[in-house]
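Trainee: Given the coordinates of chain A, assemble chain B onto it according to the supplied hints.
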Amino acid sequence: MTFALFLQHLANALSLGSLYALIAIGYTMVYGILRLINFAHGDVFMLGAYLAFYSVATFLLPWWAAFLVAIVVTAAFGVLLERVAYRPLRDSPRISVMISAIGASFLIENVGIVVFGGRPKGVAVPDVMNVKLSAGGISVMSVSLVIPILTFAVLAVLLWVVHKTKTGMAMRAVSTDLDAARLQAIDVNRIISFTFGAGSLLAAVGGIMWSYKYPQLNPLMGVMPGLKCFIAAVIGGIGSIPGAVLGGFLLGGIELLTLAFLPTLTGYRDAFAFVLLIVVLLVKPSGLLGGSQIEKV
Amino acid sequence: MKLQRTHVYSLIATAAVAGFLGVADATFDAFALRVLDLCGIYVVLALSLNLVNGFTGLFSLGHAGFMAVGAYTCALLTMTPEQKEMNFFLEPIAPWLANLSIPFVPALVVAGIVAAALGFLIAAPALRLRDDYLAIATLGFAEIIRVILTNTQSITNGALGLKGLPKFATTGVVWACAALSVAFMVLLTRSAYGRALKAVRDDEIAAGAMGVNVFRTKVVSFTVSSFMAGVGGALLGHLLTTIDPKMFTFMLTFNILLVVVLGGIGSITGSVIAAIGVTILMEALRFLDGPLDLGVFQLEARPGLRMVAFSALLMGVVLFRQRGLMGNREFSWAMLSRARVLPRKGGPAGSGGGTHGVA
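Just so you know, the protein sequences line up as chains A and B, in that order. In terms of this note's numbering, the first sequence opens at residue 1 and continues consecutively. In terms of this note's numbering, the second sequence opens at residue 1001 and continues consecutively.
For the record, the hints were derived by calculation from the structure and aren't laboratory data. Note that CB positions come from ideal geometry on N, CA and C, so glycine has one too. Some clues are possibly wrong.
Quick partial rundown of chain A residues pointing at chain B, CB under 7 Å, derived from the structure [as the list claims (entries may be wrong)]: (1) Ile37; (2) Arg94; (3) Ala271.
Simulated DEER-style distance windows between Cβ atoms [what the hints assert, rightly or not]: (4) Arg1130/B - Leu262/A: 30 to 36 Å; (5) Val84/A - Pro1081/B: 52 to 58 Å; (6) Gly118/A - Leu1121/B: 35 to 41 Å; (7) Asp187/A - Met1210/B: 40 to 46 Å.
In isolation and in its complexed conformation, chain A is listed as follows (with noise of 0.2 Å):
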């Protein structure tokens, strides 16, 4: 393999994993608050896109209003999911969160398979979106190169708002303990509210920009980014923003480059963060940046 293959391959999976570290991020922020995995993250993400996609087609909105939409409504929706599908259980047992997750999850893709057909769609890529750069021998589609940015600046702002503002500090201090944080006179609900918006934002984001990537969307297109980007949540630690994008990152690149250097294993292609999920939760189930859990008798 030349240097500049091995570059090239690099700058697929860098932006592979930025698109990961977006969704991945949506996971990390609903568990670190709910402990809850939810699995209608995916299906969120497919949403965004198609919304996207009608916002053009049918409202016939330029790319970047259409971009804008999406994410708002689609934000809006993840609130609406946390009230009905998941507010009524907070006090049940994880399990049945579990199901109505599971439920919410198989809801929203069968909906999708009607109101959208089951035919995959094909989208219009904006042509800012499709402009082929090279440099060095190696050349990346402006997309390619927009998503790592759009991740580090979303990265960016999570960390500030996480941080720096009275949100982020309720946001911690829910996390931290849901019933202390009430007594402390936060809204919890309000701020459970928060971050299933922005968790959804952030999927719409990753879901649009997974559409102009690989320019196809079908309602179950969500399954298996959904699936993997939980897990480089996992393997980065979950509930740790950073620890999302450094998952996310390492799971584009393990992915690929596996690939680039056992062409032969690409039949394998999916069964690789399963595997990779499972090293981690048996060596260390933390994750790489997170923080050990001491187990309450």
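Mentor: Chain B only, in chain A's frame:
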């Protein structure tokens, strides 16, 4: 032992069910019979998932994987060399498999054992995890199994799947398996082992303090459940007569989970009723996927509406009636006496035939 009134009821009920199945086998058309057999298979599968989820409190989502292993094992063992040759045209079958052909019942047992062995191997690492981590890890294992099945072309025929399996899963076989599963679960829940399972479910630490070997109990439960899932998968394969890796996705686990939740997590009776109900509903609601005539206006065909109904059903049960149909209670004749359907006289309440309160 004095023959009690409830024993008589139980005998009559068993005979009635057996009689119904016999009549059904002889008179039902192919489609109805297939649905009936599917009900039996779902009974086996639901009980197997209920064993880990409901009775041991381990939230496992890997059932489709074990079913796949069982289905493939049984299919490869029972297919004749000629049938195998017809299937494997892309790449020849591995030589050690080509001429292997054994009767169905031993193959069914072997399928269960292979799935159980795999479950045992997976249990050791996975059961160190709890709750949602366990769920996602078992889901991961199932996906890994599916990916491996898709890629081992010379053993499983890859994505093409296996076609033309002999249709060995007759009503008799399927319902015998279902009856065995029910009997096994009833005996298990009444035994010391069953109580250990429930103790682990309710409070691991307390169970450990009472001398229950928590880890071993979990591993045994998981392994037995894998065995049943393997058998269920094998039966499914031989009922549909064709299998491929795409069949065994998370969707399949979702269906079984729906049955278990609907019936009541931790109730054998609930699982049996829900398995039969859901299977029949799945077929009865097929019209939803076609064009709908709502009187006032017509809807064009929207495939997928049926699954919307089932996902909504699951959400509804979890949100509004978490106990499901039966909670964790079981059917007993005493229950009918209390409801004054049966006369109250007879044995003292709480003893006799069908009474096995699972609290």
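Trainee: Each hint: holds or not?
Mentor: Against the structure, the hints:
no. : hint                             : verdict
1   : Ile37                            : holds (5 Å)
2   : Arg94                            : holds (5 Å)
3   : Ala271                           : holds (4 Å)
4   : Arg1130/B - Leu262/A: 30 to 36 Å : holds (34 Å)
5   : Val84/A - Pro1081/B: 52 to 58 Å  : holds (56 Å)
6   : Gly118/A - Leu1121/B: 35 to 41 Å : holds (37 Å)
7   : Asp187/A - Met1210/B: 40 to 46 Å : holds (43 Å)
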